[in-house]
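*Asks:* Chain by chain, the residues:
2 protein chains.
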Amino acid sequence: MNPTVILLSIGNELLQGSTVNTNASFLSRELFNSGFEVISQTVCADSHEAIRFRLGEAVRRADVVILTGGLGPTPDDVTREGVAAYFNVPLVFSEAQYRQMRKVYKRFGKRIPALVRREAFYPENAKPLINRYGIALGFSVEFQKKLIIALPGVPAELQNMYFDVVSPLLKRKFPDRKKNYRLIAKMVGISEPEVMKKLGKDFFSVPFDFGIYPMPGEVAIRIAADKARIFKGIEKKIRCRLKDWIYDWEEIPLCVTIGRLMVRKKQTLAVAESCTGGALAFQITRYPGASRFFKGGMVAYHRSVKEKIGVSRKILESFGEVSEKVALALAQQVRLRMEASYGIGITGIAGPEGGSPKKPVGLVYIALALPDGKAKAWKHVFWGNREQVQAKATVKALEYLWRKIR
Amino acid sequence: MNPTVILLSIGNELLQGSTVNTNASFLSRELFNSGFEVISQTVCADSHEAIRFRLGEAVRRADVVILTGGLGPTPDDVTREGVAAYFNVPLVFSEAQYRQMRKVYKRFGKRIPALVRREAFYPENAKPLINRYGIALGFSVEFQKKLIIALPGVPAELQNMYFDVVSPLLKRKFPDRKKNYRLIAKMVGISEPEVMKKLGKDFFSVPFDFGIYPMPGEVAIRIAADKARIFKGIEKKIRCRLKDWIYDWEEIPLCVTIGRLMVRKKQTLAVAESCTGGALAFQITRYPGASRFFKGGMVAYHRSVKEKIGVSRKILESFGEVSEKVALALAQQVRLRMEASYGIGITGIAGPEGGSPKKPVGLVYIALALPDGKAKAWKHVFWGNREQVQAKATVKALEYLWRKIR
Numbered sequence: 054m055n056p057t058v059i060l061l062s063i064g065n066e067l068l069q070g071s072t073v074n075t076n077a078s079f080l081s082r083e084l085f086n087s088g089f090e091v092i093s094q095t096v097c098a099d100s101h102e103a104i105r106f107r108l109g110e111a112v113r114r115a116d117v118v119i120l121t122g123g124l125g126p127t128p129d130d131v132t133r134e135g136v137a138a139y140f141n142v143p144l145v146f147s148e149a150q151y152r153q154m155r156k157v158y159k160r161f162g163k164r165i166p167a168l169v170r171r172e173a174f175y176p177e178n179a180k181p182l183i184n185r186y187g188i189a190l191g192f193s194v195e196f197q198k199k200l201i202i203a204l205p206g207v208p209a210e211l212q213n214m215y216f217d218v219v220s221p222l223l224k225r226k227f228p229d230r231k232k233n234y235r236l237i238a239k240m241v242g243i244s245e246p247e248v249m250k251k252l253g254k255d256f257f258s259v260p261f262d263f264g265i266y267p268m269p270g271e272v273a274i275r276i277a278a279d280k281a282r283i284f285k286g287i288e289k290k291i292r293c294r295l296k297d298w299i300y301d302w303e304e305i306p307l308c309v310t311i312g313r314l315m316v317r318k319k320q321t322l323a324v325a326e327s328c329t330g331g332a333l334a335f336q337i338t339r340y341p342g343a344s345r346f347f348k349g350g351m352v353a354y355h356r357s358v359k360e361k362i363g364v365s366r367k368i369l370e371s372f373g374e375v376s377e378k379v380a381l382a383l384a385q386q387v388r389l390r391m392e393a394s395y396g397i398g399i400t401g402i403a404g405p406e407g408g409s410p411k412k413p414v415g416l417v418y419i420a421l422a423l424p425d426g427k428a429k430a431w432k433h434v435f436w437g438n439r440e441q442v443q444a445k446a447t448v449k450a451l452e453y454l455w456r457k458i459r
Numbered sequence: 054m055n056p057t058v059i060l061l062s063i064g065n066e067l068l069q070g071s072t073v074n075t076n077a078s079f080l081s082r083e084l085f086n087s088g089f090e091v092i093s094q095t096v097c098a099d100s101h102e103a104i105r106f107r108l109g110e111a112v113r114r115a116d117v118v119i120l121t122g123g124l125g126p127t128p129d130d131v132t133r134e135g136v137a138a139y140f141n142v143p144l145v146f147s148e149a150q151y152r153q154m155r156k157v158y159k160r161f162g163k164r165i166p167a168l169v170r171r172e173a174f175y176p177e178n179a180k181p182l183i184n185r186y187g188i189a190l191g192f193s194v195e196f197q198k199k200l201i202i203a204l205p206g207v208p209a210e211l212q213n214m215y216f217d218v219v220s221p222l223l224k225r226k227f228p229d230r231k232k233n234y235r236l237i238a239k240m241v242g243i244s245e246p247e248v249m250k251k252l253g254k255d256f257f258s259v260p261f262d263f264g265i266y267p268m269p270g271e272v273a274i275r276i277a278a279d280k281a282r283i284f285k286g287i288e289k290k291i292r293c294r295l296k297d298w299i300y301d302w303e304e305i306p307l308c309v310t311i312g313r314l315m316v317r318k319k320q321t322l323a324v325a326e327s328c329t330g331g332a333l334a335f336q337i338t339r340y341p342g343a344s345r346f347f348k349g350g351m352v353a354y355h356r357s358v359k360e361k362i363g364v365s366r367k368i369l370e371s372f373g374e375v376s377e378k379v380a381l382a383l384a385q386q387v388r389l390r391m392e393a394s395y396g397i398g399i400t401g402i403a404g405p406e407g408g409s410p411k412k413p414v415g416l417v418y419i420a421l422a423l424p425d426g427k428a429k430a431w432k433h434v435f436w437g438n439r440e441q442v443q444a445k446a447t448v449k450a451l452e453y454l455w456r457k458i459r
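Residue numbers (my numbering), protein chains in the order written: chain Y, 54 to 459; chain C, 54 to 459.
Be aware that one or more of the hints could be misleading.
Each pair may be met inside one copy or between any two copies, as identical chains are not told apart.
[As the list claims (entries may be wrong)] Calculated cross-link-like contacts (lysine-lysine; reagent style DSS-like; alpha-carbon spacing at most 25 Å):
{"id": "1", "residue 1": "427", "residue 2": "361"}
{"id": "2", "residue 1": "367", "residue 2": "429"}
{"id": "3", "residue 1": "445", "residue 2": "457"}
{"id": "4", "residue 1": "296", "residue 2": "254"}
{"id": "5", "residue 1": "285", "residue 2": "251"}
{"id": "6", "residue 1": "445", "residue 2": "296"}
{"id": "7", "residue 1": "449", "residue 2": "163"}
{"id": "8", "residue 1": "159", "residue 2": "411"}
{"id": "9", "residue 1": "432", "residue 2": "378"}
{"id": "10", "residue 1": "180", "residue 2": "199"}
{"id": "11", "residue 1": "280", "residue 2": "290"}
Think of the hints as simulated: they come from the structure by calculation, not from any bench.
Just chain Y, with the same shape it has in the complex (with noise of 0.2 Å):
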């Protein structure tokens, strides 16, 4: 049995629903994947109470316990003090922390208001964890067996603390982890319900931890199991029953599947999107090294503009902007133009207005031009709002590119 975690996220904005919990998400993917089992994750209320009570069902229950948030400047943040209360032990200031905040504000020229102070406290029977990337103070404390840490709420601080302390932290601590067989298997263009018929009722046949997850336009299927012999009869299945549709091996979106296969081959893309409105190009810049493949995009979200980059008037009049046509002419003229070897062209009605019977929301035609000049186009209706909309027509001509240059 694998060492347990369970997480504590502290915070009214979460209980309110101001803030979605990607902190949740992150320490849970960085531990699963380290081999800690996370058995449960709290959110609860800005109060020592509060924080005292969830903090003592937790270190009963887990091997591990991570408290994130509260630990800001503001009245509201009282993590520091719900810790404390539960040990019983005063806080104590740490200095080296008060350096680290002093060349935070120096390098934007100010001095630290009287109120951040706070944030370099930390209970007395705790470690400090100093937070080099941020204002306010980690902290850890061994006990009866468990250990507990707390980090900030801020995303990117939180997640550099995680790889430069904790993580070390943790493997010293629960050095021995039992050995899992784990795969991860990224598809598109296929349903989850299809995905289950491929794979058939045999391949349940043998004792293994099994989960699939459903994004727009995607599925993941997640093995994990602790036996190599059963584990590789399972991937051999996987392989073979889902070839066609399995675009990585690994935990990475498509658009990084897609820039490699695209940097190796010395390929570029250009885009050209009407309804998606820079959702495609955005998916694709948002990795590193997108530079290396990405030549630029063009948001023609206005008719004028469509006509600006060379569709023509005559097509937008005739067959309209929502049109297979339009679609051929965004992804070609936009492949020309900025000198690519594909061009993506998308145009359609994400709604919620818009629509008509002819032409309903959800309405999209999706073109790829390719390096040979050719170009081919695609109908779809997408079925959900707006969000899912502009989603599913992203991740659907990116299958579109894929499948070409596979």
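Starting from the known structure of chain Y, arrange chain C on it as the hints suggest.
*Replies:* For chain C alone, coordinates are given in the frame of chain Y:
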């Protein structure tokens, strides 16, 4: 005391960090706004035992328990079974949901896969909540004056079902919710400690709920008070002390505020971005109605694309791609070419690669071209990783535009 709610999100994908728990933030926000108090959010594993344990705990502590997820077709979906086991009742079949399933599959010309039939079952002591937006049935159980609700985990389905059936059900069952006076102020261009300093110590001399939430480039404060007199006083202080930074008094993004202003003034916008790679255009087009003021965008990622849209080779060679002159040229050229009132230009180094001692990662120039043909540029060095630099540059550009048009 308002009725209390505990949210239980079911799913190994959450515990393993494959999925971010946006359902919890959606429900928390809606419930908070309707006068319910979410006292805890918990994520638990896809297992009967975990669900029974957490459900038991939640029913003891809160008036309402909402379970999300684990209602899908695959063997890891066991929320139905977990709830039935807690109440020791069998599962029964909903013909109404099965008819809805048939409709959805018919739309795509397919028959219902055998696996999917499971999704029409619910615990015998529950009332079925028909899901008109997807496949999986929801349900509700009334038990010892408590209300237990289970909803599918697909965000769009959950959200639609919340508005259609859950919200009316909750309001009927708990009519006596205490009126809360609430206020939100959304600010841009000011940091969390600066907001606290502007508010001053006397601000906190009366009792009320206060929360302050930093996002990249933005800060929101949320106030709740139960006495009208106290609330009015607080509101006046905020209005007076923070008026230079408040862009809205509603829970809306800066882009929507800008859109409303531009539509009212009959102005239009075009953007040319390099290091933000489409993030600015996508921010603007994410929200319905963008077509009323947004003409389009250019993602001038590669140097050759910058030249194509009219940044002269001389400027690129003398000053470099990341320079004030290039930002100005991008803003002015895109404004002219797309015939917009305003043009925004962004060029910078998002990282992690591409930095140098003279031009470090995080260096970003932002320019704004005005209706009179003039343009202005600003230099920033943003702190953080690629994602943060892109996000901060996007918000800062929108801030400059907002200050000009408000």
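*Asks:* Hint by hint, note whether the structure agrees.
*Replies:* Structure-based check of all given hints:
no. : hint       : verdict
1   : 427 to 361 : both (22 Å within a copy, 23 Å between copies)
2   : 367 to 429 : within (20 Å within a copy, 38 Å between copies)
3   : 445 to 457 : within (19 Å within a copy, 35 Å between copies)
4   : 296 to 254 : within (18 Å within a copy, 63 Å between copies)
5   : 285 to 251 : within (18 Å within a copy, 62 Å between copies)
6   : 445 to 296 : within (21 Å within a copy, 40 Å between copies)
7   : 449 to 163 : between (48 Å within a copy, 20 Å between copies)
8   : 159 to 411 : between (61 Å within a copy, 19 Å between copies)
9   : 432 to 378 : within (11 Å within a copy, 42 Å between copies)
10  : 180 to 199 : within (14 Å within a copy, 43 Å between copies)
11  : 280 to 290 : within (16 Å within a copy, 65 Å between copies)
Consistency with the previously given hints is maintained throughout, with no hint failing.
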